[in-house]
Amino acid sequence: MDTFAALAHGMAVAVQPMNLLYALIGVFLGTAVGVLPGIGPALTVALLLPVTYKLDPGGSLIMFAGIYYGGMYGGSTTAILINTPGESASMATALEGNKMAKAGRGGPALATSAIGSFVAGTIATIGLAFLAPWLVDVAVRFGPEDYFALMCVAFVTVSATFGDSPIRGLTSLFIGLTLGLVGIDKLTGQARLAFGVPELLDGVEVTTLAVGLFAVGEALYVASRRHHTEEKLEPVRGSLWMTKEDWKRSWKPWLRGTMFGFPIGALPAGGAEIPTFLSYSTEKRLTKHPEEFGKGAIEGVAGPEAANNASAAGTLVPLLTLGLPTSATAAMMLAGFQQYGLNPGPLLFAERPDLVWGLIASLFIANMMLLVLNLPLVGLWVRLLAIPQPWLYAGILVFATMGTIAAKPSVVELSMLAGFGVLGFLMRRFDFPIAPVVVGLILGPIAESQLRRALAISLGDPMTLVQSPISATLLAVALVALLAPFVLKGLGRFKANED
Amino acid sequence: MNSGDPVQPPRRVDRAGLVIAALLAALAAVLVFDSRGLPSTAMYGMGPEAMPVVIATGLALLAIGNFVEALRGNLPARESADPVPVVLILIGLALLIAIIGFGGGFILATSALFVTTSAAFGRRAILVDSVIALVMSTLIYLAFDRLLTLSLPAGPLERLL
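In the order they appear, the protein sequences are chains A and B. Each step along the first sequence adds one to the number in my numbering, with nothing skipped, and position 34 is 34. Count along the second sequence from 1, add 1000, and you get the number used in my numbering.
Just so you know, not all the hints are guaranteed correct.
[Unchecked claim] Some residues of chain A that are not near chain B, with every Cβ distance over 12 Å (derived):
id	residue
1	Leu7
2	Asn19
3	Leu20
4	Phe28
5	Pro57
6	Ile167
7	Val182
8	Ala194
9	Val222
10	Leu240
11	Asp354
12	Leu371
13	Gly395
14	Gly403
15	Pro462
[Said to hold, decoys possible] The calculated label-pair distances, taken between Cβ atoms and stated as ranges, are:
id	chain 1	residue 1	chain 2	residue 2	range
16	A	Asp137	B	Val1135	37 to 43 Å
17	A	Lys295	B	Val1135	43 to 49 Å
18	A	His9	B	Leu1139	25 to 31 Å
No lab work stands behind these hints: they were computed from the structure. Just so you know, even glycine gets a beta-carbon here, dropped at the ideal spot from N, CA and C.
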């Protein structure tokens, strides 16, 4: 019953006119930015962070909720209409959705993705509202060593377990961890890796890193291989509405996608790729129209889109209750919290229930707004997609640098942005995953201080890490998750990927 | 480390992969070198110098891992890349940094970046793009500096507004 009261209180916060306006602006901006090709939800949040600098925390987090869902929705529009998924989670959508658009069924594809996202987002947010208080109860019993072990699990699953190559994933993670060391050590005040540069004493800004890696890196990468690809925008022809047949074929995939997306997103396992692909292959197996798969089957859009959205809401569970970001987007959300000195976790639920529950309630509202706004506005989004590539990327870079200029107009900070851009370009070129860098930067220092706190409490005895049953279990999970891809590769399971 | 290697692998050695491995090893060395300057102040447990060494160890292991992958030629296939647009965008970023650094202001700086990026993506109408860039960055400046009261760096153009 407690959850209902808290949620009702959150609703009361969220429906205040100013907060509704923030949610509306967030949804609008999020979709507008997210719809631009090559911009995924993580970058959308990173680019729009400066817009929220001057708002109060409540309003800005509500705007964030809108930006988050808007960015996701925008990404799937791009995937359907020009076949450039902004993130790997939209790949399944692009597969079938773009075929539908080519066949003149772009409208129903967009509709099933919008309604599916709404259904999945709503169910998953309800799941979040009920799971969160329970997890908070568990989390308050966590000692520093348990937190450290939990973060080890997140590090491993985000970087090694589910990627193409555990070595490249771990390399990305350790680059992030290295960047996390830069600056003044919080426990002793010693400067690390600052090399006497005063600007480095504050550490590396998460937004600078994310915008550099995602926006500047992407622009450099697309520019370098411009001669390879020709993007084609499919016009939306025919009716926007789904037929009775479309509805009949969509509703089960929506629900099944949600069932895949939410639990996997809520586990600290990172990323929405797994549930979207699981959903895609399940729908392919269960469909009554197997001949349409690969040629534009509506189930192949409905299921993965629902899975993607549900897992996005799922990642908010570890983020809000444990302060544990398991995707690049969640890491950006955490950066948004930190900009107000707020640390998500069990304490935040106790200290600022209005904020947390207002945010959760806003997720419902943002979801609703997306549904109401986006289908009528689809013409506008299509026009945004038609911006010529030179202006599009020039504009993206201007916005990307503006965020840094507004936060810290220093030559050092801007040079770091450019440097991270080059890093992002090289990582794309050599196929290193980007998200682990961001997660490593933001989670590395937290993990370090938890570990050092644990060791200080135990008077330096490292056995404390395995004496707590929670911590011992989690470390074992992390070890298994780390070794599994190597062992399985030995068994030849990923052979098809390798050769 | 990245020059000719006497080992004869079954597949082609990936030069770029060797460079990546060397860079990771160098980064590990920097971490260890930097941490040696830190005093160990912790009475119990870990001081600030411990974690860099742990991460450096990880980096060193990954350098070996990447080195082996490169020797086996296990890196994913790459498409040819055109360096010209990349250099153009980097010039744009350098211009932006220089203009901000010398007090040229937000509008000029972002306009320079806009025009070079647009050129990198194949546009040749530099004059038209310059006008677009100036108008757009002025509007952004007004919106963010006046409406959202974010302070963006002001130069000669901004003072006219």
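Hint by hint, here is what the structure shows:
no., hint, result
1, Leu7, "32 Å, holds"
2, Asn19, "18 Å, holds"
3, Leu20, "19 Å, holds"
4, Phe28, "15 Å, holds"
5, Pro57, "16 Å, holds"
6, Ile167, "4 Å, violated"
7, Val182, "10 Å, violated"
8, Ala194, "9 Å, violated"
9, Val222, "8 Å, violated"
10, Leu240, "32 Å, holds"
11, Asp354, "25 Å, holds"
12, Leu371, "28 Å, holds"
13, Gly395, "7 Å, violated"
14, Gly403, "10 Å, violated"
15, Pro462, "9 Å, violated"
16, A:Asp137 x B:Val1135: 37 to 43 Å, "56 Å, violated"
17, A:Lys295 x B:Val1135: 43 to 49 Å, "45 Å, holds"
18, A:His9 x B:Leu1139: 25 to 31 Å, "40 Å, violated"
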